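Asker: Read off the chains here:
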Amino acid sequence: MSVGTGAGGDAGTGGGSGLGRIGVVTFPGSLDDRDAQRAIRLAGGEPVALWHRDKDIRQVDAVVLPGGFSYGDYLRCGAIARFSPVMGTVVEQARLGMPVLGICNGFQVLCESHLLPGALTRNDHLHFVCRDQRLRIENANTAWTGDYTEGQEITVPLKNNEGGFVASEHTLDALEAEGRVVLRYVGRNPNGSRRDIAGITNEAGNVVGLMPHPEHAVEALTGPTTEGLGFFTSALKSLVAAS
Amino acid sequence: MSERSERTVMHSLDTVKHAEQTPDTQLPWAELGLKEDEYGRIREILGRRPTGAELAMYSVMWSEHCSYKSSKVHLKQFSEKAPQSDAMLVGIGEQAGVVDVGQGYAVTFKVESHNHPSYVEPHQGAATGIGGIVRDIIAMGARPVAVMDPLRFGAADHPDTRRVLPGVVSGIGGYGNCLGLPNIGGEVVFDSCYQGNPLVNALCVGVMRHEDIHLAKASGTGNKVVLYGARTGGDGIGGASILASETFDDTKPSKRPAVQVGDPFQEKLLIECTLEAFQERLVVGIQDLGAAGLSCATSELASNGSGGMRVELDSVPLRDSSLSPEEILMSESQERMCAVVEPEKVERFLAICEKWDVTATVIGEVTDGDRLGIFWHGEQIVDVPPRTVAHDGPVLQRPYARPDWQDALQADDPARLPRPADGDELRAAVLALVGSPNQADKSWITDQYDRYVLGDTVLAQPEDGGMIRIDAETGLGVALATDGNGRYAKLDPYAGAQLALAESYRNVATTGARPLAVTDCLNFGSPEDPAAMWQFAEACRGLADACRTLGTPVTGGNVSLYNQTGDVAVHPTPVVGVLGVIDDVARRTPMAFADEGHLVYLLGDTREELGGSAWSQVAHGHLGGRPPAVDLERERLLGEVLVAASRDGMADAAHDLSDGGLIQALTESCLKGGRGARIVVPDGMDPFVFLFSESQGRALVAIPRSEEVRFNDMCGARGLPATRIGVVDGDAVEVQGQFTIPLAELRRTHERTIPELLA
Amino acid sequence: MPRVVVDVMLKPEILDPQGQAVQRALPRLGFEGITDVRQGKRFELEVEGPVDDAVLARVREMAETFLANTVIEDFTVRAAEPDPAPDAGAVA
Amino acid sequence: MPRVVVDVMLKPEILDPQGQAVQRALPRLGFEGITDVRQGKRFELEVEGPVDDAVLARVREMAETFLANTVIEDFTVRAAEPDPAPDAGAVA
Ligand SMILES: Nc1ncnc2c1ncn2[C@@H]1O[C@H](COP(=O)(O)OP(=O)(O)O)[C@@H](O)[C@H]1O
Ligand SMILES: [Mg+2]
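Residue numbers (the working numbering), protein chains in the order written: chain L, 1 to 243; chain A, 1001 to 1759; chain U, 2001 to 2092; chain E, 3001 to 3092.
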């Protein structure tokens, strides 16, 4: 995975082709929305800002639900954001096959919206944790991981308070059996996640949720690595392939 | 609740008219913290007795916390002695100073204390500390881009530290993380002097374009005053005067004022909607609501502006409908701001607030004339010249005197302390040092802070300074560090303040950034104690003198007095933050020794200086003697060399030397890079002094062999001593002829202390 | 004002790190004999009219779709008992 | 197992950002008529012996010093009612 590590200006805005418009939703309290936009740009795509109150998702080809504390994460992480107008459209389009990536808070929103099974609970050590996390790609066939290889290990930042993935044993078994565990923590499990799960996908492989932040590992200057960029390049390629 | 019941209840509304008619009515001025002569002055200013609401305003604005009445006469020096600096766009006096960093960008930064509230309720106290300083920065027109948190706690193994520290850290993290501001540095110091009085300081830095600087003033007759953000509740009523001005006495829980709860989500919305309003040029003047709430915001806005102001207090949206007008004026409810907006732009301003789900209300307007009038149900309850509330508070010339114990303390030289005699004892002393709570790894704390959010963090803890990129095209960035050493300041407050500046300056330069400007938080004991007042006066004098020498003006800061438990004050603790600029962040110098074969150079001179040192504390629990000598010209020279080495790509890593001396810095750089080092003690140098002395003006640098000649030539030409002391190599730290410590052992010792104490 | 109380607790099979942390801390503070601790949430909703069956049914719906995440949590809904004096009054 | 319930709520005069967030969201979800929401904590403690006055007194002490932060919170302690069936079963 090699990436230009330069200034992160507007690497490829649009690129001319109609494809590669990736929406990034801003909820009140979203924090990593600009970072997701930058990652999309660095990957060669065109980031499109989406607003939580709008049903209209501006004809984007894919959507990222970014990290942050939507609505302060006050009730449960993602619980309030799930009911925003934009999510109605995102859920509808996701069911029709549009690639959707939920990062951290976005993952929590996807679980609350029942686009992904399970839930994310308080870290077992009860602290917010920010660290560079080693991960293993378990499924390189989703819309967001095609540029990786199965078994590849990457390091990207992890930062959250409620990142422990839980689901019933039955659901966990099914996720494993169907190859829907996309990412696993390597080394110390940072939050008590069941079966070291860091990210999962839906049955169709177009919706992926993960707790770590690939959008913060896209420039050597500001991230621990540039190994997160692959999520965004993968999506752009999958869009081209699907067209 | 007792606060409320103790308050004198006005049975009927105490209007201005009523006050004129009832000159003899007794008001509870003493309970509100005013002195008799101060009350007399208020009567004189008004030509009558104040109303209850006026009294509330004066009392809170004339408190130590808001008026700086004890410190003003000393703080003056920061302006009087300020070095000429073209970089200063806005100086002391505004919410925060503004510094020109080039390319049309301006940066504003400030450090503030939230010490007392953080002892009462660590989580909320610290959280609202972050909230307050962030609002100061937004109120200058800037987008906040990072926070830092210099912290001091009681003894690491004291049971109450287990209550206070985790709460403070979760409060800072909970609030800052939720705002989406990276935490890029700070300090954690343990010392039993802070047992009943932790120091929780918070720094925020923001960035704007020059043309976006906003000031807190209400001008333009007819312009509207808009209050927006959280609804007003009974939070911290009287908090500013009672909580911050008087010694907190934990034996009387009934005296505990209401604690404020922070709502970082609300603040995040406040940031976004304020910045959007700035962008559309909707704001004439703006002020955050902090201590003293609306009393402060309205009087300062009006006082700084050209006219007067009229406020309809009934329009203030309330969380608690039973609040009296006096309480509304004093409430310190968090997450509120006040903007002055031209009438034709109000609609758009309110629409932006609505977009962000922020409650916003027009509560008044700018008037001609020069009075601040506040109305309640149509009746006037305040009629004051705003300047007298906001700026003409009392100024005290508190007596101060060098304490009689100072000589004995300085005479108690650490030279008498037993020292490690051979390699084995040195080895043990090194492990004891790097595993001691003050010198140990702080990741247990800093891992609770998001350092990545916003995507522009180039350096963060444990680096010497935090560094933020502010322009992605050009690579322009700023670096910040905060430092303070209460032990040095206790031994000599004049030198201690200068050493705090020197260290912070050095930390910034080590990253490759050019130091530009200073903010400070002066944490001291009771100003009513002549000894504490002397410490304060000396520290101010020292800092002002040093800033002049180094050419780095103080742009703003904060004073926190009454930091004591009973009669025992904390160490005088001036915390100094330095801001530097770097033209291209890609040139930054990190601290890690990561490359096998690089040469380790020690810059500067090492003398036997152990007074106030970490070694004397860890090995002997000793504090005495004199702190290390201050040599500001040397600091400047060292800084120039470090910046040049970064710019010209000569140094791959650098780490400044501070508490713990050379061996501490070497340990940190080796552990960060995952590489060992072989070190030779220079000829004629005592190994113990070499490793543990805290002589100032020094740094370690790692130089690729290919750069050695060029680097040496540069140091030689500039006259900075540079000694090659070893090489980055292997997986142990070896001091030849003395001892070897495998990295793994060093790491274990360095990293386990804090988790074991707190987990 | 009439109030409805919604209690939300993690399902028994879901790990409760907060409850566990409390339980582990208790002996250190000198409290013995507590064999398990679970920590959940309590919501007090103030409603406009009287708390009748219709109101309770609507609050139950609210809890089901919003206040609780039924993947991991159980809830109960009931009318509030007439205000109990809190054990710790206004200590301040 | 006998259980004691400790309810911890923010004092009425203290800002409750969590409760407010819930309250603001309700109308958007189509739930009207809720005039205030407060969110607190509920602890369920399983005790060894029967829940007598001595046990309740000790739990009260626990709540006072540990479970609640009495600077900003009030609490109540009581023996648990015999297990109510939760309103929502195992939906997952
Ligand atoms: N409370 C804190 N918050 C954030 N960073 C911290 C905190 N305490 C210490 N750090 C960071 O840990 C590193 C080491 O701290 P310290 O030894 O005090 O540095 P120095 O001696 O260079 O001033 C620095 O990067 C500092 O910013
Ligand atoms: Mg340093």
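Take these hints with a grain of salt, some might be off.
Stated by the list, open to error - Straight-line Cα separation of at most 25 angstroms, BS3-like style, residue types lysine-lysine; simulated pairs:
| id | chain 1 | residue 1 | chain 2 | residue 2 |
| --- | --- | --- | --- | --- |
| 1 | A | Lys1355 | L | Lys55 |
| 2 | E | Lys3041 | U | Lys2011 |
| 3 | E | Lys3041 | U | Lys2041 |
Hint data in this document are derived by calculation from the structure and do not stem from the laboratory. Keep in mind it's a predicted model, so treat the numbers as computed, not measured.
Asker: Taking each numbered hint in turn, which are not upheld by the structure, reported in ascending numerical order?
Answerer: Checked against the structure, no hint fails, so every one of them is satisfied.
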